[in-house]
Amino acid sequence: MRKKALHILFTLLLMAGTAGLNALTLDEAHDILNTIDESRNLTTTDFSAVMTMISEDPDKGVEKMKVQQFRRDDKDMFLMLFLEPESKKGQGYLRVDDNLWFYDPESRKFNHTSMKDSFGGTDAKHSDFRVLSLAEDYKVTTITEGKLGKFSVYILDLEALNDEVTYPKEKLWITKDTNLVLKSEDYSGTGRLMRTSLYPKYTKVSGKYIPTVMIFIDDLIEGKKTQISMTNISTKTLPDTIFTKSYVERVNR
Amino acid sequence: MDNVLLKIAYRNIWKHKTKTMIIGILIALGILLLVVGNSFMDSAAAGLRKTYIENFTGDIVITSSDLKNPSMFMDGIMSDPDSAIPLIPNEPEIESYLAEQKFVDAFNPQIAGAVGIRHGDDQGFSLIFSFNPERYQGVFKNNIDLIKGSFLKEGEEGIVLSSDTVKRIVDDGGAEIKVGDKILLTGINNLTGTKIREVPVKGIFRFKNDSPQLRLLSFLDLTNMRIINGMLKNKVSEANLSQNEKQLLGQIDENSLFGDEEGDSGIVSDTSEDAGTIDYLSILGDTSKRELYRETDPDSWQYMVVKLAPGVNPSRAIKTMNSWFNEHGIDAKAHSWLEGAGAIAKMSNTLKIVFNILILIIAVVGVIIIMNTLVISVTERIGEIGTMRAIGARKSFVRSMITLETLMITLIFGLIGAAAGIIITAVLGKVGFTASNDFLQVLMGGKVFHPVVSVSAVILSLIIVGGIGIFASLYPVSVALKISPVKAMGEN
Chain A
1 MRKKALHILF TLLLMAGTAG LNALTLDEAH DILNTIDESR NLTTTDFSAV MTMISEDPDK
61 GVEKMKVQQF RRDDKDMFLM LFLEPESKKG QGYLRVDDNL WFYDPESRKF NHTSMKDSFG
121 GTDAKHSDFR VLSLAEDYKV TTITEGKLGK FSVYILDLEA LNDEVTYPKE KLWITKDTNL
181 VLKSEDYSGT GRLMRTSLYP KYTKVSGKYI PTVMIFIDDL IEGKKTQISM TNISTKTLPD
241 TIFTKSYVER VNR
Chain B
1 MDNVLLKIAY RNIWKHKTKT MIIGILIALG ILLLVVGNSF MDSAAAGLRK TYIENFTGDI
61 VITSSDLKNP SMFMDGIMSD PDSAIPLIPN EPEIESYLAE QKFVDAFNPQ IAGAVGIRHG
121 DDQGFSLIFS FNPERYQGVF KNNIDLIKGS FLKEGEEGIV LSSDTVKRIV DDGGAEIKVG
181 DKILLTGINN LTGTKIREVP VKGIFRFKND SPQLRLLSFL DLTNMRIING MLKNKVSEAN
241 LSQNEKQLLG QIDENSLFGD EEGDSGIVSD TSEDAGTIDY LSILGDTSKR ELYRETDPDS
301 WQYMVVKLAP GVNPSRAIKT MNSWFNEHGI DAKAHSWLEG AGAIAKMSNT LKIVFNILIL
361 IIAVVGVIII MNTLVISVTE RIGEIGTMRA IGARKSFVRS MITLETLMIT LIFGLIGAAA
421 GIIITAVLGK VGFTASNDFL QVLMGGKVFH PVVSVSAVIL SLIIVGGIGI FASLYPVSVA
481 LKISPVKAMG EN
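Top to bottom, those sequences are chains A and B.
Just so we're aligned, residue 1 is where the first sequence starts under this note's numbering, counting upward by one.
Just so we're aligned, residue 1 is where the second sequence starts under this note's numbering, counting upward by one.
Hint data in this document are derived by calculation from the structure and do not stem from the laboratory.
Since the model is a prediction, treat every value here as computed from it, not as a measurement.
All C-beta atoms, glycine included, are put in the ideal place defined by N, C-alpha and C.
Do not rely on the hints blindly, as some may be mistaken.
Computed footprint of chain A on chain B; a stretch qualifies when at least three of its residues, placed anywhere within it, have a C-beta under 8 Å from a C-beta of chain A [to be verified]:
# : stretch
1 : 216 to 223
2 : 284 to 298
3 : 352 to 363
4 : 459 to 466
The calculated lysine-lysine pairs, modelled on DSS-like cross-linking and capped at a C-alpha distance of 27 Å, are [claimed, not checked]:
#  : chain 1 : residue 1 : chain 2 : residue 2
5  : B       : Lys235    : A       : Lys66
6  : A       : Lys245    : B       : Lys17
7  : A       : Lys60     : B       : Lys333
8  : B       : Lys182    : A       : Lys245
9  : A       : Lys64     : B       : Lys246
10 : B       : Lys289    : A       : Lys64
11 : A       : Lys224    : B       : Lys319
12 : B       : Lys153    : A       : Lys109
13 : B       : Lys153    : A       : Lys60
14 : A       : Lys89     : B       : Lys319
15 : B       : Lys333    : A       : Lys89
16 : A       : Lys109    : B       : Lys333
17 : A       : Lys60     : B       : Lys68
18 : A       : Lys66     : B       : Lys246
19 : B       : Lys333    : B       : Lys319
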């Protein structure tokens with residue numbers, strides 16, 4: 001009898017302890033989503049970086065691609081120039097407003113697509129592809145706490161608020177102190193794990209945390225994975241000439 | 001004896017006119033359906049065969065054995081754009097082998113692809129075949145009508161557009177495409193990514209034996225097609241990875257990935273506002289190496305189209321070729337024209353099988369109906385058969401009598417049905433059908449369909465009718481033979 005009472009007391013204490021630890025409310029968790037969105041938003045400054053993408057595929061092996069990125073998000077401008085592989089060096093995508101050009105240095109020709117044009121013959125338009133926002137597109141359903149490696153994290157379960165998002169359910173592992181997403185799992189509507197993303201490295205630029213290493217694991221095809229790393233990150237103002245067709249041609253001379 | 005049997009059978013058929021007519025009409029209708037239906041199917045198959053063999057598959061298509069779907073319309077590639085059509089290995093060796101074979105009339109190596117087309121601000125799409133123009137015309141003689149301009153010439157850059165591709169662009173509100181206009185072609189491959197080529201329009205054509213699939217095809221010169229497909233002389237070297245990048249390959253251990261000490265210092269690297277001064281004009285660095293990936297491989301081919309000498313059995317030729325590939329360790333495979341023709345042609349073949357199954361069902365139903373009517377007829381003649389047995393008629397006599405009766409009905413009405421089928425098919429063949437949609441056009445093997453009486457269909461229907469006659473008489477015969485003469489005469 002005494003043993004049983006002790007057991008109940010121990011359980012109650014444990015529950016109280018957990019309740020105390022689980023202090024984050026759903027509203028506060030939602031604020032974290034806002035913070036994450038905010039850190040992803042680079043509309044106030046220009047942005048440049050070299051992005052290295054290594055994809056592993058059980059059928060195709062390992063492929064590496066290196067791209068120089070220049071972005072001016074508030075003006076809807078970007079330029080992406082391939083640095084590697086050598087066979088694609090100098091190819092580039094230039095976006096200015098609703099115009100998207102692809103440049104092939106071999107033929108020295110641009111191919112123009114309007115963002116207003118339909119996308120790949122479907123009803124979707126390029127302009128339909130807006131940047132998704134965690135805070136606007138998802139609601140937090142549960143909050144738990146745990147550890148990821150040595151990091152203490154909040155684990156948030158999210159559910160989509162609309163059908164525009166790619167994944168109806170998400171799970172995020174967020175550091176308690178800095179609100180950095182370390183890991184996310186994307187689920188289908190039926191709860192099937194589709195993709196796991198890992199963010200093991202960040203850098204702080206102009207007060208914003210930018211992931212410098214990202215790993216995307218395809219949970220549907222075993223062995224399919226992509227790692228992306230960002231180097232030479234800068235938020236210095238870029239010359240206006242960067243976002244022009246003539247720059248793309250000149251850099252290829 | 002035979003005369004007696006014939007007389008009795010004739011008398012019985014005449015005596016039971018109504019029943020004879022019911023069975024007869026059913027048989028005649030069945031045979032008519034069989035003759036007309038199979039003639040249609042055979043004519044459509046011949047049309048389809050002609051469309052494909054004479055326009056783009058030849059009798060045999062050789063590909064790499066790694067190619068899962070040998071359809072020259074790239075059915076497999078369309079459903080998985082990431083995959084590429086593998087090249088035919090040891091292509092020059094295969095060419096020498098084919099040149100020595102007496103059963104081979106002509107052959108032509110080809111490349112296929114898909115491109116986006118831009119003419120000014122107008123856009124379109126086309127499937128592409130690329131080949132040595134003279135060799136192509138040697139295999140596919142006089143198979144196209146040039147509407148404008150000229151055909152491709154060896155060593156000359158350019159595209160000959162299908163009239164349907166031009167029509168689709170113009171129908172979308174685009175400007176007219178003229179010979180000499182320059183158009184931009186864009187295609188994607190796994191090795192060199194997106195490629196853009198500017199080529200002059202050399203001509204506009206249509207296939208003489210038109211089909212909806214063929215209308216998607218345009219012809220492009222080899223150099224540009226190989227550039228768009230990334231068919232390079234120098235192979236792209238393997239990815240050069242740093243130590244850090246190699247560490248992240250394979251299985252990821254999350255505990256070690258996030259195993260550094262907790263806090264900013266563990267995960268956030270040195271804050272950096274500035275990556276230093278960027279020399280914007282030297283971003284690409286040394287660009288000399290990329291020139292290596294601009295030279296195309298003149299021996300790279302995806303398909304070898306083979307026309308056989310007249311009278312050669314294609315299945316036997318395929319077997320011979322595949323044995324030769326095996327013996328010489330060449331990873332190539334010969335396929336029938338049907339495999340090369342892709343999904344739509346295969347679907348048409350499947351429809352023929354479905355039609356034949358339907359015919360079989362109709363035949364079974366016919367047998368049951370005829371059998372039933374004959375059983376009733378035999379039951380009505382119990383007394384007569386009993387009397388015949390009583391005055392000494394053997395079982396074999398009764399069996400022969402009923403079988404002959406059935407055979408006479410089925411053969412007479414079967415012949416009437418076959419004759420009607422031949423007349424109807426011949427009339428429809430004269431009039432011709434115009435396919436109301438693309439699907440029917442593929443099935444019929446052309447825009448206007450003229451069914452021709454198929455001799456094999458007539459022979460087949462007569463065999464079936466004989467079979468029905470014999471089969472349908474089996475049960476009534478067994479009923480008749482069970483009749484006891486005493487009982488039968490008593491009932492009488």
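Status of the hints after comparison with the structure:
{"no.": "1", "hint": "216 to 223", "result": "violated (count 0)"}
{"no.": "2", "hint": "284 to 298", "result": "holds (count 8)"}
{"no.": "3", "hint": "352 to 363", "result": "violated (count 0)"}
{"no.": "4", "hint": "459 to 466", "result": "violated (count 0)"}
{"no.": "5", "hint": "B:Lys235 x A:Lys66", "result": "holds (19 Å)"}
{"no.": "6", "hint": "A:Lys245 x B:Lys17", "result": "violated (91 Å)"}
{"no.": "7", "hint": "A:Lys60 x B:Lys333", "result": "holds (23 Å)"}
{"no.": "8", "hint": "B:Lys182 x A:Lys245", "result": "holds (21 Å)"}
{"no.": "9", "hint": "A:Lys64 x B:Lys246", "result": "holds (11 Å)"}
{"no.": "10", "hint": "B:Lys289 x A:Lys64", "result": "holds (16 Å)"}
{"no.": "11", "hint": "A:Lys224 x B:Lys319", "result": "violated (39 Å)"}
{"no.": "12", "hint": "B:Lys153 x A:Lys109", "result": "holds (25 Å)"}
{"no.": "13", "hint": "B:Lys153 x A:Lys60", "result": "violated (37 Å)"}
{"no.": "14", "hint": "A:Lys89 x B:Lys319", "result": "violated (46 Å)"}
{"no.": "15", "hint": "B:Lys333 x A:Lys89", "result": "violated (36 Å)"}
{"no.": "16", "hint": "A:Lys109 x B:Lys333", "result": "violated (39 Å)"}
{"no.": "17", "hint": "A:Lys60 x B:Lys68", "result": "holds (16 Å)"}
{"no.": "18", "hint": "A:Lys66 x B:Lys246", "result": "holds (15 Å)"}
{"no.": "19", "hint": "B:Lys333 x B:Lys319", "result": "holds (10 Å)"}
When the structure is compared with the earlier hints, violations turn up for hints 1, 3, 4, 6, 11, 13, 14, 15 and 16 and for no others.
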